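There are 2 protein chains.
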Amino acid sequence: MSNIDAILEQIDANLPVSVERFMRFLAFPSISSQPEGKEGIVACAVWLRSELESLGFEARIVRTSGHPVVLGMSRSGSGSPGILLYGHYDVQPVEPLDAWTAPPFEPAFRDEDGLRRIYARGASDSKSQVWSFIEALRAWKDTEGAIPVDVTVLLEGEEETGSPSLPAFVDAYRDELACDVAYISDSDMWSPTRPAITTRLKGLLHEKITIVAPNNDLHSGQFGNVAVNPLRVLTKVLASIHDDHGRVTIDGFYDGVTPLPTELREQWAALPVDEALAGVSVSGGSDEGGYGTIESMWGRPGIDFNGIVGGNTGSGERSVLPSSASARLSFRLVGEQKPEYIRRIFRNFVKGRLPPGCRVEFEGSGGNAAVSVNEDSPYLMATARALDAEWPERTLIKGTGGTVPLVRLLTDRLGVDCIVTGFILADDAIHGPNEHYDVERLRKGTRSWARILSELRDEKRQSP
Amino acid sequence: MSNIDAILEQIDANLPVSVERFMRFLAFPSISSQPEGKEGIVACAVWLRSELESLGFEARIVRTSGHPVVLGMSRSGSGSPGILLYGHYDVQPVEPLDAWTAPPFEPAFRDEDGLRRIYARGASDSKSQVWSFIEALRAWKDTEGAIPVDVTVLLEGEEETGSPSLPAFVDAYRDELACDVAYISDSDMWSPTRPAITTRLKGLLHEKITIVAPNNDLHSGQFGNVAVNPLRVLTKVLASIHDDHGRVTIDGFYDGVTPLPTELREQWAALPVDEALAGVSVSGGSDEGGYGTIESMWGRPGIDFNGIVGGNTGSGERSVLPSSASARLSFRLVGEQKPEYIRRIFRNFVKGRLPPGCRVEFEGSGGNAAVSVNEDSPYLMATARALDAEWPERTLIKGTGGTVPLVRLLTDRLGVDCIVTGFILADDAIHGPNEHYDVERLRKGTRSWARILSELRDEKRQSP
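Chains A and B, in that order, are what the protein sequence lines are.
With numbering that gives the first Met the number 0 applied, the first sequence corresponds to residues 0 to 463, in that order.
With numbering that gives the first Met the number 0 applied, the second sequence corresponds to residues 0 to 463, in that order.
Same shape as in the complex, but just chain A (with noise of 0.2 Å):
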């Protein structure tokens, strides 16, 4: 049954090509948030087609209200679904440029720590990750002479600009991206010995909260001591909601969050808790109670506060009681939590807490629950076996503090189950000057992929 080690031979021997073409598409300058990157995505997103049509894909590239969106498909004739492939090419801008020591889209071998790195701006996020499943795609056609199962490959350009154009271009394209598994390849491992799938992401919503006066601004020398001062209300209001260890007090705010399975939480439990805080301090963090660090990262709900303005900001003083005071937050949802219950209680436990004369303003945006992939999916535990044949440590199967709507749309719209898996680092430098990856990782990633869509033909062989 196993013609995979003629194929992962073959990406071996052919590495030094794949690297060559690799650098090529790290050339492109694709920044998708700046109107100079423009010419660099549609420049990147034409080489991208012709790489899908060398495949024997049928490629096109299909226009948004944004960027465009590659779209290839490659179609044994048994009708049957397959698998459906994401990754984004667009990358960050690359601000600021005198920080980088060669220039980001003028791609640059260095021999460091023992690996050969590429430095470049997208060598790590995203476009590493794309090449990983491309070149796989290419050692199953160049040996086997054919892609062992159904495949539709999906390369976004906005990513970086929070993929404003996907959910449209998800319900127009619904019946192209019909597949049973979709696998989200922007995504990080563990460690560099130990690959990981994120099953567990979490829910969000936004909440922006004004509170406003009764008065305009007033001076506060003059009415300080008997008129309502919105930033005091807005202080006390954000100190209630989290008790002395960091517990949110909104009541029924917990409901719907079940218990992690006993393994998952066991396993969260043995790592090394360093190794993902990735140098993050937590020294005077909230303390829930009774939580790790890991499982207070990825198991946990919390609310925080990401912005409060108000009355003076300047350089001077003012002293001005103002007419209205406001602040930013953040809801992180997991399990069954729903969006708009904890939406309607937080709202209410806000308005519970005015004084007379106050009125409160809310401006909601997001509200997705949390998605958790079953930990038992057959396509799952297919995907881990080919990772632990590839690296020298067990698959982690972890969770992420973060959102990732994508995952959400694709879960709802198209009804399967995502399977997140990749090979970043954290200490790619993602996002940052001098970004980078690995040779050897490029080549691990390119197998791991190579033996994915083995166990998935195998998979497909043993399901009805």
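It is worth saying that the hints were derived from the structure and are not from the lab.
Incorrect hints may appear among the rest.
Note that the list lumps identical chains together, so a pair holds whenever it fits in one copy or between two copies.
As a list, the in silico DSS-like pairs of lysine-lysine whose alpha-carbon atoms are at most 25 Å apart [claimed, not checked]: (1) Lys235 to Lys350; (2) Lys350 to Lys207; (3) Lys459 to Lys140; (4) Lys443 to Lys140; (5) Lys337 to Lys350; (6) Lys235 to Lys207; (7) Lys207 to Lys337.
Since the structure is predicted, the reported quantities are computational estimates derived from the model, not experimental observations.
Got chain A sorted already, so can you dock chain B onto it with the hints?
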């Protein structure tokens, strides 16, 4: 003893001429905070010097590092010190110009509400106040041939920009400014029928605090449940400064707060609150417990927040745990509260509430104790008698929630009591468009000053 009636008659008879000269005074565009005001400032100062000279004063224009001071002296030859009269001739800017019904430096009459009003920038604040005492001096000179006490007139040109040059001026001209009592004319009445002397002025200090986390900006989704958020620390600290009744919880804050004299307290308690509030709502404001609105405004110390800023203050959402967050606070002091002690206990209070790993930066400014003029001072009583004789209602001895640094300056550097009295009303639209004053108030203000001079002469005759 009383030649005052002849002087008052002279004031009334001379009113049309006096008003004409006042209109000339108002026509100088003496805006101190804008470069284009410089010409008007200088022309106004030259004109004032000649007005003082016309009264027999030795007058000069004193250069400062900012705008000039006009200093005039009238000495009886007895060598005894006398009184200092302070006023300012600079005015606020006039923007927005199109909100004015007539050009702000082309003074215009309008008959309204039974009053003959004069509309111009500075009509109330503070040229009317300066003009009232100048015309009172003239009436004495014209009627009696001499001014009855030694007088020094100090006319400032940068009050509206915070009097930056005044401390150095007062130090340099200490001998010329020596007096028994100083009058600050830039002040208000209680109501159109009730004059006031402000004897209680609060002290003031400012503190800016910045809470600094052990980390740079972090992603709040990733680290929000484990790393410290300075916005949360800041709101907890600020919210703990006041209890639920608005009383300051910092141990020692109320040290040195002396109770008001019973008579004063009762007089204040009997005042109509609505007049003091001038339309400001006190709904939801603090109720420190047991003190009435007016006593809270004029006689109680307090801490207020004048500005807060931290994290995302832009228009979109950003999932950030900022590395720092800051707030500006002002402290209004009364009685014997000591600014440096208050600053110290406040800083210790904040430091005691920091979670481990966080630090706080303080930036202090200001630091004046409260000033209160002895209500039994013979000069104050003489002034009150003079005002009582002129106006329908009895002179109110009042406080202010605000701080007048000049009073502190003259009290400390000249070692004299300051009597703060004037005839500005809350609805004169000072600092705004369509500032105005009325001829009748100019007349009665001038008569008030003439009576004050008479009372002071009698007071001097009685003293050793």
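Hints versus structure:
no., hint, in the structure
1, Lys235 to Lys350, "both (12 Å within a copy, 19 Å between copies)"
2, Lys350 to Lys207, "within (14 Å within a copy, 29 Å between copies)"
3, Lys459 to Lys140, "within (19 Å within a copy, 112 Å between copies)"
4, Lys443 to Lys140, "within (18 Å within a copy, 102 Å between copies)"
5, Lys337 to Lys350, "within (20 Å within a copy, 39 Å between copies)"
6, Lys235 to Lys207, "both (16 Å within a copy, 19 Å between copies)"
7, Lys207 to Lys337, "within (18 Å within a copy, 40 Å between copies)"
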